[in-house]
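*Asks:* Going line by line, the protein sequences match chains A and B. For the first sequence, the positions run 1 to 355 when UniProt numbering is used. For the second sequence, the positions run 1 to 355 when UniProt numbering is used.
The hints are simulated quantities; they were obtained by calculation from the structure and are not laboratory data. If you're wondering where the values come from, they're calculated on a predicted model, not measured in any experiment. Treat the hints with caution; some may be incorrect.
In silico DSS-like links for lysine-lysine, alpha-carbon gap of 30 angstroms or less [as the list claims (entries may be wrong)]:
hint, chain 1, residue 1, chain 2, residue 2
1, B, K166, B, K204
2, A, K194, A, K224
3, B, K52, A, K131
4, B, K52, A, K123
5, B, K2, B, K131
6, A, K204, A, K193
7, A, K2, A, K131
8, A, K166, A, K2
9, A, K2, B, K131
10, A, K52, A, K336
11, A, K194, A, K166
12, A, K131, B, K2
13, B, K224, B, K200
14, B, K166, B, K194
15, B, K131, A, K52
16, A, K131, A, K166
17, A, K52, B, K123
18, B, K2, B, K336
Protein chains: 2
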Amino acid sequence: MKIAQVAPLWERVPPPTYGGIELVVSHLADELVRRGHDVTLFASGDSQTLAKLEAVCPRALRLDPNFREYSVYETLELSQVYQRAAEFDIIHSHVGVTALALANFVPTPTVHTLHGSFNNENKNVYSHHHKQSFISISNAQRQVDLNYVDTVYNGIDPGSYQFFAKPQEPAYLAFLGRFSPEKGPHHAIAIAKKTGWRLKMAGKVDVVDAEFFEREIAPHIDGKQIEFLGEIDNVQKAELLGNAAIALFPITWREPFGLVMIEAMAAGTPVIAMSMGAVPEVIAHGETGFVCQSYEEMAEMIPRALELNRRQCRQHVENNFSVAQMVNGYEQVYQKMIQQRISQNGHLHAAKITF
Amino acid sequence: MKIAQVAPLWERVPPPTYGGIELVVSHLADELVRRGHDVTLFASGDSQTLAKLEAVCPRALRLDPNFREYSVYETLELSQVYQRAAEFDIIHSHVGVTALALANFVPTPTVHTLHGSFNNENKNVYSHHHKQSFISISNAQRQVDLNYVDTVYNGIDPGSYQFFAKPQEPAYLAFLGRFSPEKGPHHAIAIAKKTGWRLKMAGKVDVVDAEFFEREIAPHIDGKQIEFLGEIDNVQKAELLGNAAIALFPITWREPFGLVMIEAMAAGTPVIAMSMGAVPEVIAHGETGFVCQSYEEMAEMIPRALELNRRQCRQHVENNFSVAQMVNGYEQVYQKMIQQRISQNGHLHAAKITF
Chain A
1 MKIAQVAPLW
11 ERVPPPTYGG
21 IELVVSHLAD
31 ELVRRGHDVT
41 LFASGDSQTL
51 AKLEAVCPRA
61 LRLDPNFREY
71 SVYETLELSQ
81 VYQRAAEFDI
91 IHSHVGVTAL
101 ALANFVPTPT
111 VHTLHGSFNN
121 ENKNVYSHHH
131 KQSFISISNA
141 QRQVDLNYVD
151 TVYNGIDPGS
161 YQFFAKPQEP
171 AYLAFLGRFS
181 PEKGPHHAIA
191 IAKKTGWRLK
201 MAGKVDVVDA
211 EFFEREIAPH
221 IDGKQIEFLG
231 EIDNVQKAEL
241 LGNAAIALFP
251 ITWREPFGLV
261 MIEAMAAGTP
271 VIAMSMGAVP
281 EVIAHGETGF
291 VCQSYEEMAE
301 MIPRALELNR
311 RQCRQHVENN
321 FSVAQMVNGY
331 EQVYQKMIQQ
341 RISQNGHLHA
351 AKITF
Chain B
1 MKIAQVAPLW
11 ERVPPPTYGG
21 IELVVSHLAD
31 ELVRRGHDVT
41 LFASGDSQTL
51 AKLEAVCPRA
61 LRLDPNFREY
71 SVYETLELSQ
81 VYQRAAEFDI
91 IHSHVGVTAL
101 ALANFVPTPT
111 VHTLHGSFNN
121 ENKNVYSHHH
131 KQSFISISNA
141 QRQVDLNYVD
151 TVYNGIDPGS
161 YQFFAKPQEP
171 AYLAFLGRFS
181 PEKGPHHAIA
191 IAKKTGWRLK
201 MAGKVDVVDA
211 EFFEREIAPH
221 IDGKQIEFLG
231 EIDNVQKAEL
241 LGNAAIALFP
251 ITWREPFGLV
261 MIEAMAAGTP
271 VIAMSMGAVP
281 EVIAHGETGF
291 VCQSYEEMAE
301 MIPRALELNR
311 RQCRQHVENN
321 FSVAQMVNGY
331 EQVYQKMIQQ
341 RISQNGHLHA
351 AKITF
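All chains should be built: construct the whole structure from the sequences, respecting the hints.
*Replies:* Here it is, written out as structure tokens:
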């Protein structure tokens, strides 16, 4: 198939540290190429990919000192994609709402992966375009009634994650994620303090979360029981998670997927999480972690989580959340959509389709 | 003609105080309706118009406490406009770059009025779409090589501007505009101090300009020679300008038009301005003000500007910058574009065109 992948421009593909969407797009594009597809990736010019790279801007906008207005770059990207639509059998958008306005104007079908969550603003424009084709990254994410073609879970490459057969001594709990109220780092601290466990925390503090961090997090950091490591790179992330006895995922919002859970499990570390959003779909309750109804229950589950089989945690990721599975899912979606388009309308020039 | 007007959503149409684009769109839409056209205005739901209002959002986004992400609303607006494209003979976009990606996908022609200025970011996407149809609001604005259909100057309704035959005593200079470096309020102060003139200044201070204001403006405000009136309403603006002996327009950038110049002249007040951007096209040099090559020259021109005929200043606006003239210009553009489209391609269904 001739496939266009449309990535956000804020981070390069793959991202050097954070950037969940760009990481998924990177795995997807590369694996599709390995499977013989003709893939064009629209992304920032510093991206590294096996696909044909169409550089919309020279470098990730996050790193561009002249960057001011995202819509300018996004308009340029979508203009390039949709002007060339006839070259593709399918367009796969990872950029959110803005591609919706264009998708209906070309015969080539577009599928949108919903990487984020719905809110009172974006749900109107999604609803307006509810007949377009969407992929949810968890079933829990489907809070707005749209034409969902399938759920395709995010996948990682287990081979690039070291397996940690035993947690480091002295044992600790790990929290990895943005320090925002939605991710619940304050609950992680409360759980550690209640149980007397050591807690190592890492992740970035966005400007909008600075006040939350100063008020709810900073006073508890003592460098002994509660450690704060700041922003860390991929190697450090893998070690933080893999060396931990347990990873905590004490979210306060409907997390649409939660990549850090599978990263922890891939390293062998069980996850104790709040039962919100995708959590029940990602954790095998009682096997690779615990899906809890309260933060108190999360604390209570620590002794049982220590007894879980770390090899089984990793196996769960290999079986359900690998890049191979993810790409299987997307390939099926593409084929289904192309077949539908052929059978439904006369716009498509069959000659352009080459499987 | 069946005309779609696509307005920004940040302010309502017309704006209660500031909002140059929304004011132009308001005049244009209403006058087109008065001339018998079938006009649909896509704008915020609190807009007041003679046209058919298509409310994209309930109220101006500036006033919506839940507002977070402009692109969501703009995508919804452009989706609505372009899905209904076949209902219109022409689509007139005032929203900048984002409409560019869509315009080529429908047979109905789109014309984009360039209300802002070019920068290193947006010039790429404009250049990418250089074959689309653009209207400049001054000849000086044409810094990027695009398909300019015409220049149509912004127009005001002189009837709604009181004429001030004599300046108020004691006489003063007026500065009205955002307190940003580009608008040159610091030069207005320097001119007043150098010449001993009183200066009354009004306008908003954006968050990004707070430091500039505190450093360059605030120390000079003494409430006697240099007065700062803050943000003022339309009635106060008209009085500030009309009662002034002279209005200063000491810009430091390529102003694409400069509405405040015609507002001052409509009230009878000559304008002394820096020769940048549209200034030489807007001021009749030596008749309604002076177009200067330096801020020193601006100061030197004050005595001569006091001798100019205030009635002639107003007449200049009536003759060149009225709503009637502006709408004449746009009507001609619409007719030209529709004729071109009919003669150039077979997409257009002639039956849909009704003059």
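*Asks:* Each hint should be assessed against the structure and marked as holding or not.
*Replies:* Outcome of the hint check:
| no. | hint | result |
| --- | --- | --- |
| 1 | B:K166 x B:K204 | 27 angstroms, holds |
| 2 | A:K194 x A:K224 | 15 angstroms, holds |
| 3 | B:K52 x A:K131 | 27 angstroms, holds |
| 4 | B:K52 x A:K123 | 25 angstroms, holds |
| 5 | B:K2 x B:K131 | 23 angstroms, holds |
| 6 | A:K204 x A:K193 | 22 angstroms, holds |
| 7 | A:K2 x A:K131 | 23 angstroms, holds |
| 8 | A:K166 x A:K2 | 45 angstroms, violated |
| 9 | A:K2 x B:K131 | 28 angstroms, holds |
| 10 | A:K52 x A:K336 | 24 angstroms, holds |
| 11 | A:K194 x A:K166 | 24 angstroms, holds |
| 12 | A:K131 x B:K2 | 28 angstroms, holds |
| 13 | B:K224 x B:K200 | 9 angstroms, holds |
| 14 | B:K166 x B:K194 | 24 angstroms, holds |
| 15 | B:K131 x A:K52 | 27 angstroms, holds |
| 16 | A:K131 x A:K166 | 49 angstroms, violated |
| 17 | A:K52 x B:K123 | 25 angstroms, holds |
| 18 | B:K2 x B:K336 | 14 angstroms, holds |
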